[in-house]
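4 protein chains.
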Amino acid sequence: MIITMKKDAPKEEIDRIIQSIENKGLNVNMISGTNYNVFGVVGDTTILDAKQIEANKHVENVVRVAAPYKKVNRLFHPEDSIIDVAGIKVGGKENIVVIGGPCSVEGQEQITEIAKEVKAAGGVMLRGGAYKPRTSPYAFQGMGSEGIKCMVNARKATGLPIVSEIMSIDKIDEFVENVDLIQVGARNMQNFDLLKALGKINKPILLKRGLSNTIEEWLMSAEYIMAGGNENVILCERGIRTFEKYTRNTLDLSVVPIVKKKSHLPIIIDPSHATGDWELVESMSLAAIAAGADGLIIEVHNCPECAWSDGMQSLKPERFAEVIRKGRAIAQVIGRDI
Amino acid sequence: MIITMKKDAPKEEIDRIIQSIENKGLNVNMISGTNYNVFGVVGDTTILDAKQIEANKHVENVVRVAAPYKKVNRLFHPEDSIIDVAGIKVGGKENIVVIGGPCSVEGQEQITEIAKEVKAAGGVMLRGGAYKPRTSPYAFQGMGSEGIKCMVNARKATGLPIVSEIMSIDKIDEFVENVDLIQVGARNMQNFDLLKALGKINKPILLKRGLSNTIEEWLMSAEYIMAGGNENVILCERGIRTFEKYTRNTLDLSVVPIVKKKSHLPIIIDPSHATGDWELVESMSLAAIAAGADGLIIEVHNCPECAWSDGMQSLKPERFAEVIRKGRAIAQVIGRDI
Amino acid sequence: MIITMKKDAPKEEIDRIIQSIENKGLNVNMISGTNYNVFGVVGDTTILDAKQIEANKHVENVVRVAAPYKKVNRLFHPEDSIIDVAGIKVGGKENIVVIGGPCSVEGQEQITEIAKEVKAAGGVMLRGGAYKPRTSPYAFQGMGSEGIKCMVNARKATGLPIVSEIMSIDKIDEFVENVDLIQVGARNMQNFDLLKALGKINKPILLKRGLSNTIEEWLMSAEYIMAGGNENVILCERGIRTFEKYTRNTLDLSVVPIVKKKSHLPIIIDPSHATGDWELVESMSLAAIAAGADGLIIEVHNCPECAWSDGMQSLKPERFAEVIRKGRAIAQVIGRDI
Amino acid sequence: MIITMKKDAPKEEIDRIIQSIENKGLNVNMISGTNYNVFGVVGDTTILDAKQIEANKHVENVVRVAAPYKKVNRLFHPEDSIIDVAGIKVGGKENIVVIGGPCSVEGQEQITEIAKEVKAAGGVMLRGGAYKPRTSPYAFQGMGSEGIKCMVNARKATGLPIVSEIMSIDKIDEFVENVDLIQVGARNMQNFDLLKALGKINKPILLKRGLSNTIEEWLMSAEYIMAGGNENVILCERGIRTFEKYTRNTLDLSVVPIVKKKSHLPIIIDPSHATGDWELVESMSLAAIAAGADGLIIEVHNCPECAWSDGMQSLKPERFAEVIRKGRAIAQVIGRDI
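Protein chains in written order, with my numbering: chain A, 52 to 389; chain B, 52 to 389; chain C, 52 to 389; chain D, 52 to 389.
By construction, these hints were calculated from the structure, which means they are not laboratory data. Mixed in with the good hints, there may be bad ones.
Copies of the same chain look alike in the list, so a pair counts if it works inside one copy or between any two.
Below, in silico cross-link-like pairs of lysine to aspartate or glutamate (EDC-like), each with a Cα-Cα straight-line distance of 16 Å or less [said to hold, decoys possible]:
(1) Lys-313 with Glu-160
(2) Lys-312 with Asp-328
(3) Lys-296 with Glu-267
(4) Lys-247 with Asp-221
(5) Lys-311 with Asp-328
(6) Lys-312 with Glu-267
(7) Lys-102 with Glu-356
(8) Lys-170 with Glu-267
(9) Lys-167 with Asp-224
(10) Lys-144 with Glu-356
(11) Lys-57 with Glu-330
All chains should be built: construct the whole structure from the sequences, respecting the hints.
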């Protein structure tokens, strides 16, 4: 951590700050510049609060050199983490997983039918929302517990592990009991109470990036879960909010190599929410695989125009199968497989 | 709602869509363009899901003409709403409220001392966080229930109503019992389960704008609370996320006249979180009052450099008093008062 | 074009607007809603100025249904345009071009050496900046005319067509005479005087997307050039500005399928400027090819750490060759070739 | 400047970098951290290129402590600069200037009429565009030289100095001869060739902030003009591009106190382009004055609905007069005057 003092900072104030840092067991080195005095702080600086130091009016700014996350950091865990989701391995150098299913569970027949199609196409997990975060209170809010039951039955029918989104701490027991991969949606990426609660269970967590969160904030949210004891975290990019209007969000594929460099956690891509448009899903899926992603989570619906939510971004099963066929060929070029 | 069909949409598909809309009790008018066919849908279109209609591959796009919110909408409630917070009136044409206090409650002595200073300066409510949303799991997470108790004691000592942030549904009873104005923080603006739960109580809610949420999404979150039955909502702008690096966030003051036009709810401004820098707080506070805001919520700390969180953006009590003095003079110019 | 009037718009005002539109040879259809009156305007609406209509205080809003561009639009030009750059074909279903070279020309030896390496690796054009847009007036501003001469000599030595950025109208003669593909940089995407001047020549133009311009604005800038008579436009995405701090810009690969859908012009990707980090270039290059891009423009330098500008994002020649090798394999999977 | 080396950087590489910096006459201080080695560079670091140093693969990152601008910097010029525009003083502690006029000059009668209204209302300069940057090549592009002549005649009729936008270097002679305050528009903020040319004249320049440029980039563009020798620069904020859709741009008023802190140059606000909506102009104008701005530039048109461009954001003269009346009262509260 580098602390820059203002030009006119009084010596006693500088000494006071140095003293308070050294009292925490860290070492301080001093540099005197032309217009500034600069300290370097040496030691485990994750225990320091940069903003508290910046609150001192004699401090110009504070810059972290070391990343603020530890358990997530590849520096201290050089090998790829491989997360086991009910027998399906996510992460590592070889395998790429494809998850498919509808935005919302709409009934037993719908979800079982789609699950079979997903499996037939080569998908290895089934997604389906039972609790739905909707901008409008007047929109369909999901089937709730009933939807989770339908998912469980679809798993029975197909053997596919199931992924569903949790929105509230009071549903944790229901999810631990029934769901194989518990999704934290973009809007809850910084719902810290939920993250802490998920840190205490040992089910795998699919942590979506918030729609305007930096990669660092996202990794810090993963750190919340891991710091609680649950190290089974899979990251998922689903597009960020920008000024562009032709897509619902802007898919940021550069996160793939960055996350691989900064962290050992697996990362998968959601091209459906990222683009909001089924016509872009194939292209972005193939790009994600070429970029090195560990998997895809794609919306699939047998009747997109009848879907109760997000039909616009859903693929029909035959197109989903086509994406997997092409994706597999690209995966093989870079030494992986689907 | 205006629905534009693609150029080559087959007639039977157009008829099918018209039929399905008319079945919901709405009327459809048709326009034939050179390259497109366009419908106008007449009636209460809040019951239609624009995205579901767009999922049809023959539909080019769907545009809402009417706003998607009802209870929040000034169109159906032309007078300003005035919210009563333990006797303090927020909103309306005359009065402007100023709320002050520390980012975090750090102990009884600290909060009571600051509460007295806030009152002496002319503040009418006390803010103080007991449950703190922090990016890092290693940062101070707030005093919790102990902090709420300290706030209650500070209210006893000064008579100031208290404002504090709720982060989780399971704390609602504690907040209803103890807190006068329950804050929903920016990170929870779309925590829909929390919003629904707050819709069932009758304590006033201070709803902060999410750091990258549009004004429309913000009003829809207010609609969630109001649709549940709790019409005591105060909106609070606290800066949005942009590319600019010299400020923590970008304070969007144009929301003040926009919210006044679209809605009847009161709106207050948080210049402390918006800028992240105490040196900008006075300037932005005066600007907010001149822009027509109904109040300010400002971080005040008697020792910013010792603050456990966000000291950098906190004013000392004497500067807070100065902001109120200047702000009152500006308020009087535009026919209001603090 | 759909025009929505305010609820209380007087009838004579509505009639006046209808009259003024019909006077321009367009037809108007009327829809009466519950709270609004809506017109549909039928005909060539590119001659109408939406903002001028919105200036009327009785108008609620104006929405364009048809795209505001014509020559760029795939609707009126269904086949892919293939642009000929000194014999190299850019665009179409089969071929993918890779352009390589340094950010700045630094001298004859440097550029000729790199040109040979680019050619050996499989690159088909040479890039190199002679006039450099730099944020600081104290930074290296490019070699100017001398740099263009070095590029010309490098072309002689290798046969590679050359690409260089123009920053000012007064250099057009120099560029027409010497440069094969004239680049308009991101900062000049809306330098309309420059675009108009480039519309009058018949050299191919490489039009980069501005760092915070929408796809529609970008296509409108291409329309400026084409409307002037020069139809040889190649689009280039180089990252957009967002809140993310781990990358210099955010590469928006979803533009590839969108541009392919909206327009017939070729689109290539610049992964070097998009990421600002050579470690991300390979991953993003492969992703771009998988997404369907018609080419890549990549910074290559034989000594990145000695580069006078942007060395941080430059590949060494051997890594550039590696990107082409892997990219070719991916291209073949999707039925194309490099 | 603080340079952080990667953990495993070899000693000879570190020594090589230190040597190269010391060869430029700067001093280097070394800090050894737990996982990193950090240098502090002391001296005039504006001559170093941070990106060139970062290109070294052993360097983790480079952080500037000192600002990269010099002539713009308040550190080296503590008093406010006051710019003289044909006798009107802009900047300083006392006076606030208000500039009014139409977006585009549309004819002699129109501009002279509006000029008289602007003067009568209390405006001290006349704005009017003769060369117009328009997104569409099919939109009205301005009257050109004819428009400048109309502006000159309007000045003769009223005595108001005139402000107009320059778009291209080849018009500099025309502007120097005729225009009192030469505006560089947002789209040309980084048209560096234009900035350099304007650095060689001595007419005052009104430099608008680019729609997605940081404050630092904006100050660097001012530095370009000043480094060329022209120190008569006035900054103008006109809104930045964000995700929000209810306003055309987001007005960033926090730039006012920041610019005042970092620089000695005057700053004025353009609420018309910032909001794109005349209904927001009064509110944002008063806020700008309260925030400490040195002036306003407001669009005024005697018939907004007939305006050839941007009528939607134009005030009628009587509302413009009202803004000045209210603004003056607020100015007086903070010890200034209009």
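Identify every previously stated hint that the structure contradicts and give their numbers, smallest first. Those not satisfied are hints 1, 8, 9 and 10.
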